[in-house]
Structure formats: structure tokens, C-alpha cells
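S.K.: The chain contents come next:
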Amino acid sequence: MDVREHLDGLRRGELRVALCRHCAAPSFPPPRTCPRCGGPDPALWITASGRGHLWSVAEFHRTYLPEHPAPYPVAVVELDEGPRLLSTLTDPRTPIGGAVIAEIDADAEPPRVVFRPESEGGAP
Amino acid sequence: MNAAAAVVGVGTTAYGALGRTADDLAGEALRAALGDASLGALEVDGLLTHRVDSYERLAAEHGIDPRWTVALPPEGRMTGPALQLAAGALRDGTCRTVAVVYGNDSRTRGATYGAGGSGSTAAGEGYGTTPELAAPYGMTSPGAFSALMLARHRHLHGTTDRQLGAVATTFRRHAQLNPDALRRTDMTLEDYLVAPPVVAPLRRLDYCQINDGGVALVLTTLDRARDRPHPPVPVLAAAQRSRLTGSDLPPDDFWAGALAEVGDAVTRASGRGRDAVDALMVYDNFSPNVLFTLEGLGWCGAGEGGAWVADGRIALGGELPCNTSGGQLSEGYLQGWALVVEAVRQLRGDCGARQVPGARTVQYACAAPVVSSVLFGADD
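Read top to bottom, the protein sequences are chains A and B.
For the first sequence, the residue numbers in our numbering are 3 to 126.
For the second sequence, the residue numbers in our numbering are 654 to 1033.
Only chain A is shown next, with the shape it has when bound in the complex (with noise of 0.2 Å):
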């Protein structure tokens, strides 16, 4: 699926996530045909909050690749707008259902969004 947007959007400094503009499900990643109603080329890009919960996280102890040496926290976070996206966290102890928050690292490469607790110091 096409994330060019979203991946141009952390670069930028913005979470970049998508809804359908036929029946408002979220839409990330974008498929060509929303699952939901069936309307075509579905993207409606918007830049989300970045507020969310934990859906779910995973620690890895195998390194798998050298680039993620083990271990470290995989996680899924729902937005408050609707999408979940695959992420990771700045404290792997974040409760499941614990209100976060996103960090965007733009200048990684990738550039990637990381979450922290909604409860830690850091401006909103």
C-alpha cells in the first residue's frame, strides 16, 4: 500500500494517517477499495493528534536484525481519530489500554514516530 504520504508526513514533523472519504472508517494503510463500504481509492489524509492508547506491545529478547538489537518494545496504538499503527515506546512498562502520546524522530532514516505516556513531563 502506498505510505509515502505518512512516511513524508513524519519527515516533516506530522503523523499523517488516513480515514476513508466514503464512510469516515480508518483507513491505514490505505488500500485501493475500503474494505468497509467498498468505495474506491478511500484515502483521506489527515494530520492526527497524536494522542492514543496502547492497544497492545510485545517485547522482543531476539535480536532478529542488527539494526534492533534486543530488546526493545513493539507496539500497536490506537489514535484518538480511529487508525492504529505499528509503533514502538520510550517506556516499554506503558500499560495496555495507558493513554500515549506520539514523538515524531524525523531526522531518523526511516523517520519514525515513537510513544510515550500521556502521564510524563513533555510538552502535549
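If you are wondering where the hints come from, they were derived from the structure by calculation, not from laboratory data.
The model shown is predicted, which means the values in this text are computed figures rather than measured ones.
Some hints could be false.
[To be verified] Below, a sample of chain B positions facing chain A; criterion: calculated Cβ distance under 8 Å: (1) Thr793; (2) Ser794; (3) Pro850; (4) Ala853; (5) Gly899; (6) Pro903.
[Stated by the list, open to error] Residues from chain A that face chain B, not an exhaustive set, calculated with beta carbons under 7 Å: (7) Pro37; (8) Val59; (9) Ala60; (10) Phe62; (11) His63; (12) Arg64; (13) Tyr74; (14) Val76; (15) Arg86; (16) Ser89; (17) Ile98.
Note that the Cβ used here is the ideal one computed from N, Cα and C, for glycine as well.
Based on the hints, put chain B in the right spot on chain A.
M.R.: Okay, now just chain B, sitting in the frame of chain A:
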């Protein structure tokens, strides 16, 4: 019974680190299955291959020139669909005798299901259909996908480590009754609990073991099947339901909706209710899938899988013996095919110390982005 197709031959190779090609192993299994059915290669007019490198070479090498040839991609989720296809080709008269042939050399090739390769099985550098969203976060492996599902299940339902440990320890005890199983050493619940994590909350003992091996089945129409040396094992019904949209992330319902649909479809089509199922062969690439499958098929309520397995229900002698061969966790990971063979052997009454007494109906089920189930019966 209105089954049109039946298994008349099964063939398996050794499993493990064998240093042989997938096609070589598939060919050995094919010859064994034909021998088991007392049929010659020239009688095969349908060929379905799964994970072999070259269906063309396999057919040419073994003298098979079928009127119907299908080659399926390597994912284990294709095992149920393979049987559905083969049974359909026999039912509609396309074929009289179908060989279903599987070969896997991923152990010898060094597959890790987490680094390198491509596609959803090899997982490559990023998991799923959009690796550029997965790779930056180190999301590389199908095991991590299962770990995310388990973590969510624990959050919603309080599933405990001790409950999940019943899956691996029960299947290990079953494997100890199966001379062909790869992992047969004692495993207590305490052993399970101290096993190191791979992708937490999954432990190493929640993972199947990558290995090589070949499996083949020969199916024919039920009337012909009754002339073969072994009791025929009819394919009573088969069904599948995909959850491919959105499949880069774990499903909200742990595939329960699709599992309920295929479970209802096979029991309705066969005329045998769930209560008639004497044993369940469940796709245990990772042990949480056993909980999800039991819940989805309705053996227990949503979220109750952990409690349901914790007190012996899935063990031999229990309410629903599961994976009596040791399953993929302990017998060996043949992407569902060894579980299918176990279903056939149970219904033939060939399982010795692990035989489910009087087994008449055995179900195969796989929870994955293509959910499937196949119901096998003893001939009436």
C-alpha cells in the same frame, strides 16, 4: 454421510534437520502415500503441491501427468484450503485420484521467520503487507504478531502464564506417546514458566520448531476409497473464511468471527454437531492460537480459553483431546500437514498409546488471516 472424497493414503518422512530439498522430501512422502494407498503414480490424475519448489519437476520425476494441477503458496494457512480444493475436484468429477504433496526444507535453508527473506511467511525485514510500516520498529516476525495478540488477550481477559502453559505441557505429554515426535523430553509447568522469552509474553516453549519434512496424502472418491487397503477417511466438509483486510495488525476478535463461521459451516455440511467431534487438531504455530481457536469454535466463551485448557480438557482422556501427536509445538512444524495426518491416523485407529478410543469425527482448524477448518470422519 454425503462425503465425496476420502483419504486413502498418507505418507510422511522423518522430521528435523535433514539436509535435503523440499522437493526430495515431498517426493519421498508422495511415494510413501501411494504405497500406503496401494496405488501407482500413473493412477494419479490430480496433483496439488504446497511449498515444493517445483511442481513441474516433482510431477516429471514421479511420472504424474495430471488433468488438474494446483500449486499453492508456502503459508501454512493454505493447508485447509488445499484439502477443500482437492475434495472439490473429486466431488465435481474433475479428478478420480488426487495426490496432495507438501515439502519443507526451511530448517536446512536456515529460515528464521524473523530476518531475511520476503513474504508474510519469511517475514523479511518487516512483517505483513506493508513492511515499510513495520521494519522501522523492528516488527519482523510472526511470533511477535502472536505475542501482540496474547498481550491483548491477557489485558482483556486476564489469561495467565500458567493457563497458557497447559497448552505446551499437554502437547509435550502427547508427543511422548508418539515415536515420530521431535520434542519428547519431559516438560513440567515449572519448566515452561522458566523458559526464556523470545518475544514476550511468548516463551520459547510457546513456539513451534522450524524443521524439514515431507507429507503427502492420496484422496479418491468414496466409492473407490472402499477398495483400498486401509479404512477410508472421508473428508466430511471443509470451509474457509479470510481476514486479509487489515491483516497487518492483530484482529480485534482473535479471529473468533471467522472461526465460528467455518466451524458452523463444517458441522452443518457434515450433519455432525460440535459435540460429535472426538478430537481437534489445531494449528499451533504459537500456543496462544490454541486458545483463540477453542474460543472461536465455541468450545468456550470469548476470553475463556485460558481457563478452559488449564485443567486437562485438551489432554488425551479429556473432554476434547487436541493435537494428540504432540502438535507443531512438540511433534514438528509441518504447517498443518502433520496434524492432518494425525487426524487420519486417529480415524484409522492407528495411534497406539495415544489413540482416542472410538474416534469417529476429528476436526482440523487453523486460525490465521485465512481461517479454515476441515472435518474428517470414520466411514459409516
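S.K.: Which hint numbers doesn't this structure obey?
M.R.: Hint check: nothing fails, all pass.
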